[in-house]
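Chains as they are written, first to last, in my numbering: chain A, 1 to 220; chain B, 221 to 527.
Don't read these hints as lab results, they were simulated from the structure.
It cannot be assumed that every hint is accurate.
Per label pair, the in silico range of CB-to-CB distance [claimed, not checked]:
id : chain 1 : residue 1 : chain 2 : residue 2 : range
1  : B       : 453       : A       : 76        : 48 to 58 Å
2  : B       : 455       : A       : 179       : 44 to 54 Å
3  : B       : 433       : A       : 210       : 29 to 39 Å
So these bits of chain B aren't anywhere near chain A, every CB distance computed over 10 Å [said to hold, decoys possible]:
id : residue
4  : 226
5  : 264
6  : 283
7  : 346
8  : 414
9  : 477
For glycine and all other residues, C-beta sits at the position ideal for the given N, C-alpha and C.
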Amino acid sequence: MSETKEPLFSKQNKKLISDPLNLNNPVTIQVLGICSALAVTVQMDNAIVMSIAVLFVLVMGNLIVSLMRNLIPSKIKIIVQLVIVAALVIIVDQVLKAFVYDVSKSLSVFVGLIITNCIIMGRLEAFALGNKPWASILDGVGNGLGYGLILVVVAFFKELFGSGKLLGFEIFGNSVEQTGLYAIGYEDNGLMLLPPSSLILVALYIWIQKKRTPSLIDEH
Amino acid sequence: MSINKEGNGYTMTFAIIMVVVVGGLLAYIASTLKPIQQANVKNEKMQNILQAIGLEETNGVSRDEAGKIFNDYITKRIILDYDGNIVSELTNEDEIKGSAKKLIDEKDAFNLDVRKYYNTLTGLMKKHPEGGADYEAALKEAGISYPLFIAENEGEKYYITYFSGKGLWDDIWGYASFKEDGTTINGTVFDHKGETPGLGSKITEDLFQNQFIGKIITDENSGEYKPIKVEKPGGEYNSHQVAGLSGATFTAVGVDEMMNRSLEVYNKYFSSLRTASLEPIESPLNDSTSVMDSVQVVVDSTMLAIK
Numbered sequence: 001m002s003e004t005k006e007p008l009f010s011k012q013n014k015k016l017i018s019d020p021l022n023l024n025n026p027v028t029i030q031v032l033g034i035c036s037a038l039a040v041t042v043q044m045d046n047a048i049v050m051s052i053a054v055l056f057v058l059v060m061g062n063l064i065v066s067l068m069r070n071l072i073p074s075k076i077k078i079i080v081q082l083v084i085v086a087a088l089v090i091i092v093d094q095v096l097k098a099f100v101y102d103v104s105k106s107l108s109v110f111v112g113l114i115i116t117n118c119i120i121m122g123r124l125e126a127f128a129l130g131n132k133p134w135a136s137i138l139d140g141v142g143n144g145l146g147y148g149l150i151l152v153v154v155a156f157f158k159e160l161f162g163s164g165k166l167l168g169f170e171i172f173g174n175s176v177e178q179t180g181l182y183a184i185g186y187e188d189n190g191l192m193l194l195p196p197s198s199l200i201l202v203a204l205y206i207w208i209q210k211k212r213t214p215s216l217i218d219e220h
Numbered sequence: 221m222s223i224n225k226e227g228n229g230y231t232m233t234f235a236i237i238m239v240v241v242v243g244g245l246l247a248y249i250a251s252t253l254k255p256i257q258q259a260n261v262k263n264e265k266m267q268n269i270l271q272a273i274g275l276e277e278t279n280g281v282s283r284d285e286a287g288k289i290f291n292d293y294i295t296k297r298i299i300l301d302y303d304g305n306i307v308s309e310l311t312n313e314d315e316i317k318g319s320a321k322k323l324i325d326e327k328d329a330f331n332l333d334v335r336k337y338y339n340t341l342t343g344l345m346k347k348h349p350e351g352g353a354d355y356e357a358a359l360k361e362a363g364i365s366y367p368l369f370i371a372e373n374e375g376e377k378y379y380i381t382y383f384s385g386k387g388l389w390d391d392i393w394g395y396a397s398f399k400e401d402g403t404t405i406n407g408t409v410f411d412h413k414g415e416t417p418g419l420g421s422k423i424t425e426d427l428f429q430n431q432f433i434g435k436i437i438t439d440e441n442s443g444e445y446k447p448i449k450v451e452k453p454g455g456e457y458n459s460h461q462v463a464g465l466s467g468a469t470f471t472a473v474g475v476d477e478m479m480n481r482s483l484e485v486y487n488k489y490f491s492s493l494r495t496a497s498l499e500p501i502e503s504p505l506n507d508s509t510s511v512m513d514s515v516q517v518v519v520d521s522t523m524l525a526i527k
């Protein structure tokens, strides 16, 4: 007897996307991928491109591993996952260098470091190896978006208070010409340009998130 | 099916096939995209040089545009040696071939790998910490070269110099253009590989770069080389000083060092240009003997011709 095919966007499948956005967010709840959340969030455009890159690698990685899940010999499964992720990241890096050169310059080494992003290896091992392709794609999309959400939120505050800009547009006035808010003595917060501020912002995010959903708070 | 997925044979075969497929795929993608990537780097260099001239027409030029109009503005590409003598000279009629990695044309200033020379230079500086004649001789022997670009626009000539050095974390480099007098700066462009975003990376912004416009590299009275100093921010600056970046002292020190180490050499070329253009007017009496000699030669040869 054949199973009834699960509809493409059944409740269970929808959860694969919605969970990582909040209840099971890879950065704030699973505590993975913190490294790039610290480093790439000085400007919003970098954060957005980084999120898209990670999303691409995650979805394609999940898909490929899931398609091959019955073929991969268990002795070398970690190595195989690593090879797949590394190949995808190299492709992303080469494409960025060719078609969006300015962005690749500001992201520089961080694109290569996507390989070390725990979210990717984590999801490949925990989900794609044991699930069907479509579900794996959705899981990749969900986690990628969850990661992107955190990055963009952190970058929003860091760019706004660190440089007075959003996506390059001046919000508080021009700091060089001392117009707008700068005229009355407002100054950009230098700490917002450095990694420690990301840690503080992520911690604040986790605090607010757990306050809103008490079920997430660990029992001691 | 009786393939033992856990067996060593299967594992080995899988691994070999995977490596071959992935390797081939990556090699294919890299080689297909390489020309586009190289064009990006080349155009960026052209963009930097054009922006450094300091002309309104080229200030906001895009990378693609820069590639197209580069030869309209840059008429000569010269390589100087440590004494400021011209080693090679190319014009905009000559195509820019190859790239810095594949030096097809070693005589093209555009492809000069100045960062390679910087490593040689720092090695020599360590060997001869006092400087002196040995140091100078070693520098000449090492053949350290300096690229110079000449731009022409509306009858005015500009000299674009290049320098490279180390910031706080990694390489920094830049271009400075000089007016025809070879001493007044008309524009600068700086770039870096890995300075701290928001701090050292600000050397690429107009607020830092525009300060150099109008500064001079020779002493007003003696005409001797006088370096430009990057001072602490928040003070008064004369024609030889600019403000550093607060919170980015080392990057600013790097800029100071690389500019002055290199501009001292470029100044040798500029002052040779100045003396060459001044000679006939400046010292008619001193040179009267040589003038008379050449007149004598002309008279002699005319006499011979008449005979």
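Hints versus structure:
no.	hint	result
1	B:453 x A:76: 48 to 58 Å	holds (56 Å)
2	B:455 x A:179: 44 to 54 Å	violated (23 Å)
3	B:433 x A:210: 29 to 39 Å	violated (54 Å)
4	226	violated (7 Å)
5	264	violated (7 Å)
6	283	violated (7 Å)
7	346	holds (28 Å)
8	414	violated (7 Å)
9	477	holds (23 Å)
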